[in-house]
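Protein chains in written order, with the working numbering: chain C, 3 to 536; chain G, 81 to 268.
Note that these hints are calculated values from the structure, not bench results. The beta carbon of each residue, even a glycine, is placed where N, CA and C say it ideally should be. Heads up, some of the hints might be wrong.
Unchecked claim - To spell it out: a stretch of chain G is covered by chain C in this simulated footprint if at least three of its residues, at any positions, have a beta carbon under 8 Å from a beta carbon of chain C; those stretches are:
(1) 105 to 117
(2) 121 to 130
(3) 152 to 166
(4) 170 to 184
Said to hold, decoys possible - Here are some chain G residues the structure puts well away from chain C; computed CB gaps all over 10 Å:
(5) V91
(6) L92
(7) L94
(8) A95
(9) G97
(10) V98
(11) T102
(12) S140
(13) P147
(14) A192
(15) R202
(16) A204
(17) L206
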Amino acid sequence: MIPWDAETLVPLPVMLPLFAAGLTLALHRYARVQRIISVTALAAALAASVGLLVAADGGPIVVEVGSWAVPVGIDLVADRISAVMLTVSFVMLLCVLLYSLGQGVPEGEDEPGTTRGDMIPVAIFHPTFLILAAGVANAFLTGDLFNLYVGFEILLASSAVLLTLGGTAERIRAGSVYIIVTLVSSLLFLTAIALIYGATGTVNMAQLAERLPEIDPTVRTALQLLLLLAFGIKAAIFPLSAWLPDSYPTAPAPVTAVFAGLLTKVGVYSILRTQTLLFPDNPTVDQVLMVLALLTMVIGILGAVAQNDVKRLLSFTLVSHIGYMIFGIALATEAGTAAAIYYVVHHISVQTALFLVVGLVEWRGGSTSLDRLGGLAKLAPGLAVLFFVPALNLAGIPPLSGFLGKVGLLTEGASVGTGLAWVLVVGSVVTSLLTLYAVVKTWNKAFWQAPAEEIESDVPLPRGMVLPTGALVAFGLLLTVAAGPLYGYAERAATASMDGHTYVDAVFPDGADRGRGESVVVGDDADAQEGGHG
Amino acid sequence: MTVLENTPSAVLVLAIGVLFATGVYLLLERPLTRVLLGFVLIGNGVNLMLLVMGGRSGASPIVGNAPEGVRMSDPLAQAMVLTSIVITLALVAFVLAMAYRSWQLHGHDEVADDVEDRRVARHAALNAPAFEDADAGGLDQTLDEEAADVHDDVDDSDDDGPSRSHDRGHHRHGEARTDARTDPEERP
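Based on the sequences and whatever the hints tell you, model everything.
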């Protein structure tokens with residue numbers, strides 16, 4: 003049915019950026035070659051992701067890495083959720099890379115008070131960025147819990163490097179907070195993996211999906227909560243979100259854009275994956291998640307409303323809108339999950355676009371503080387349009403994709419119809435209105451009013467920065483235009499992930515419990531050879 | 081196999097507990113190097129835990145190598161420990177570099193408050209009760225210093241960070257000393 007061998011595509015989104023990262027590091031003296039390699043690698047990875055997007059619609063594609071059979075070796079699984087996340091991530095990574103090329107030196111050249119401009123290691127930007135891409139792709143594709151941990155570490159290590167590029171005082175301060183928080187969350191994740199391995203004797207997700215229902219429910223809930231805690235830090239869910247608005251805004255604009263668009267979404271994806279595949283049917287935890295989603299939404303957006311700096315304001319809206327996705331996951335229904343998937347896709351594109359626009363605003367207006375900006379709509383009308391569209395999209399104005407995602411969530415919340423779900427529905431609407439308030443406040447202060455005096459009247463915006471931003475904004479609009487097919491895709495993805503056997507069947511095609519069969523059939527002997535756990 | 085065979089050694093379990101406890105204690109400290117030590121300790125605790133989860137030790141896990149009736153150790157747990165050791169090593173190196181850079185810039189490696197905390201502390205300082213006599217705090221203090229006093233995020237008593245920075249680091253990177261540190265004599 004598929005003209006190419008879909009399995010060969012699966013490792014490409016991980017391999018291509020990694021390979022290119024090595025090349026760009028080796029060729030760090032040749033800036034032009036570096037650029038060509040980076041762009042080519044990301045474009046090729048995007049093409050592979052699109053291929054996977056098409057191919058995965060026929061069912062999950064499983065690749066056993068190094069041909070080691072599954073329960074022993076590591077498998078990469080590209081199902082619909084992975085494929086759609088990969089595709090939107092690579093679209094966004096490519097746009098951001100082009101943007102940073104257009105910006106010239108993206109690493110803190112404009113940092114006030116810096117005298118070290120000449121010492122900034124520009125050459126490491128490309129390799130680190132590509133490794134980040136590989137880490138994200140690995141996290142999306144892996145079918146193995148420990149490999150997910152490795153993917154996380156890859157992307158967190160490279161993100162820490164990107165965040166502290168140039169090593170200015172402000173970035174070191176923000177970076178310290180960031181790295182400590184991520185280290186703690188990694189330790190929690192690893193602890194959870196150790197305990198899960200102790201309880202079930204495997205870290206393969208498909209096998210876990212079969213074995214976890216067999217263990218003591220209390221232990222299972224404890225494991226689930228530990229994983230949620232680890233992922234919750236990464237996804238910046240409310241009580242664990244304080245680190246995010248503080249550490250993101252100090253980085254260079256393209257870096258902040260990538261972080262805002264992707265890193266938290268990897269956490270959300272992990273929650274989605276573990277909640278649907280490993281720990282389905284735990285209403286108590288779902289209710290806890292609902293409450294957390296509500297708190298994340300409301301407290302995040304209240305933080306945003308109070309901010310006076312566009313970057314910090316957007317960071318708070320980022321936290322706030324994580325709540326929508328958690329809401330969708332916590333509903334634990336197919337439609338809820340589908341809405342969450344669509345919302346993640348929408349939010350990656352829109353949040354990244356906004357941060358890129360803010361980079362342009364900073365370039366044009368010399369600041370991101372709302373007190374110093376003003377009149378940009380007159381000075382740079384094109385920029386105003388670029389801000390206006392994703393800003394309204396974020397707030398959920400019809401007919402944009404943010405509206406569609408929210409409608410999906412609200413409809414499903416209403417049809418679930420429990421008291422808590424209704425509270426969430428109300429909370430979502432309030433959050434949406436407050437988001438509108440926050441972006442309108444930004445619009446009024448930065449784009450309307452009389453132009454501030456210190457803003458020079460003609461600073462040309464580099465075309466290399468404007469075009470990628472425009473492309474990403476257009477991509478956001480495309481999500482609206484193509485909402486029908488995309489939403490259908492998300493629904494199929496949700497159905498497949500909620501039915502509990504598609505994923506497992508794909509990984510273990512010779513009978514659903516091949517993995518379990520080994521220890522059951524061969525009994526104590528195999529158990530002993532596996533190490534005598536359980 | 082008997083239950084006893086699968087029960088982990090109490091010594092290892094105790095060691096894991098101690099590593100976690102001391103690690104958490106160190107993580108809560110201010111200087112980055114101590115936080116790092118805390119991370120290393122907990123990391124080792126987790127590694128030990130992975131090892132314990134792999135069951136008791138046995139013969140080397142090579143098929144055909146184990147004598148009859150002797151069971152093998154679990155290679156998967158060891159592979160995971162190995163991976164996590166490598167990852168921990170890389171991250172430790174990075175954090176050390178960051179602590180060094182922080183020392184270059186500020187003469188210490190304390191993790192500063194986030195901007196929001198400072199703002200909150202500043203508000204608290206402004207709203208302090210009247211009997212504390214806000215004037216006595218001196219108008220020569222910057223708001224950041226005031227916030228630092230209120231928030232008590234500096235502990236000058238036991239390190240020689242500032243003086244070292246004056247001696248060695250300060251003349252190179254003096255312009256970057258933007259932290260909230262106050263000199264000891266200025267403190268009430």
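(request) Hints the structure violates: just list their numbers, smallest first. (result) 14
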